[in-house]
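Asker: Just need the whole structure built from these sequences, with the hints factored in.
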Amino acid sequence: MPSYVVAGAARGLGFEFVNQLSSKSDNTVFALIRNRATASTLYEIQESRKNTVILEADITDSVAVEEVAKAVESATGGTLDYLIIVAALATNMNKSILAFDSNEELDEDLLEHFRTNVLGVVHTIKTFLPLLRGGAAKKVAVLSTGNADLDATLTIANPGRVGYGISKAAMNMAIAKLALALKPEGFVFVSISPGMVDSKAGRPLVQGSPEDEAVFQKTAGRIKVFLPDFKGPITPKQSVDMMLEVIHRWTVEETGQFVSHYGNKQWL
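If you read the sequence shown in the numbering used here, its first letter stands for residue 1, the second for the next number, and so on.
Don't read these hints as lab results, they were simulated from the structure.
Treat the numbers as computed from the prediction; the structure is a model and nothing was measured.
Quick reminder that beta carbons are idealized off the backbone N, C-alpha and C, glycines included.
Hints may be right or wrong, so weigh each one.
Claimed, not checked - Simulated restraints, written as ranges between beta carbons of each label pair:
id	residue 1	residue 2	range
1	M173	G232	29 to 35 Å
2	F230	K70	43 to 49 Å
3	D229	E105	38 to 44 Å
4	E185	R36	31 to 37 Å
5	F230	L150	19 to 25 Å
6	K231	G77	43 to 49 Å
7	D229	A75	41 to 47 Å
8	E254	E105	37 to 43 Å
9	L180	S62	22 to 28 Å
10	A176	R115	16 to 22 Å
11	N103	G186	41 to 47 Å
12	S23	D61	26 to 32 Å
13	E253	L111	33 to 39 Å
14	L154	K50	45 to 51 Å
Said to hold, decoys possible - Think about it this way: if two alpha-carbon atoms lie no more than 25 Å apart in a straight line, the pair counts; the simulated DSS-like pairs of lysine-lysine are:
id	residue 1	residue 2
15	K177	K126
16	K265	K183
17	K231	K265
18	K24	K237
19	K237	K265
20	K126	K183
Answerer: Laid out in structure tokens, this is it:
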């Protein structure tokens with residue numbers, strides 16, 4: 001009976017991970033959310049599927065994550081097979097590094113992204129390590145982004161997503177370091193990009209305003225230049241279908257790699 005923890009499960013791709021995984025009755029799924037107010041649909045899943053447990057914890061709150069890990073330990077007898085971290089911070093997406101009003105504003109943006117997307121991720125993984133050591137799969141998947149790839153960033157030529165892209169690139173390196181340290185124990189790590197996903201949470205290119213929509217259209221135009229057959233964003237279901245296929249087939253020989261939902265460097 002495989003067990004999963006999905007961190008950042010309230011909506012978007014995190015919700016879709018829980019939805020798909022909990023649809024199989026032999027899975028046990030622990031859905032981590034920051035607060036109940038944003039997770040009403042997730043609670044409907046918990047009511048209808050007895051293999052789903054919702055727990056509250058922000059990945060930047062180490063104490064809360066430790067309490068959640070204790071709850072998972074109690075429920076599983078001290079084991080965990082898969083840890084999937086979707087939770088992330090993505091703000092000021094359309095500002096270039098020169099558009100911040102001061103060095104202090106830029107520094108705070110970078111530090112806030114680093115606290116969540118790097119330290120929050122690393123601390124969460126370390127907290128669940130004892131349970132993962134007792135699991136059969138020993139797999140950790142963390143959602144990344146094509147915006148963390150240097151070649152893709154230069155090709156698309158979008159100077160925005162500063163804190164997001166930089167912190168995710170640092171996160172990828174942190175995952176590689178963890179993968180190397182734990183490879184002798186049979187752990188499998190992967191940083192995985194979901195592609196361009198058509199959902200409010202999974203598609204941070206559009207944040208509602210006409211200005212943001214204009215930026216998205218400009219970016220989509222750039223993408224068309226080097227990917228003329230690109231058909232646009234995929235659905236959360238398509239993305240999670242593809243990511244789960246990659247996660248489930250990933251091996252210890254491949255541990256620590258940064259790949260797309262295709263399992264390679266095709267980001268879109």
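Asker: Output the numbers, in ascending order, of every earlier hint that fails for this structure.
Answerer: none
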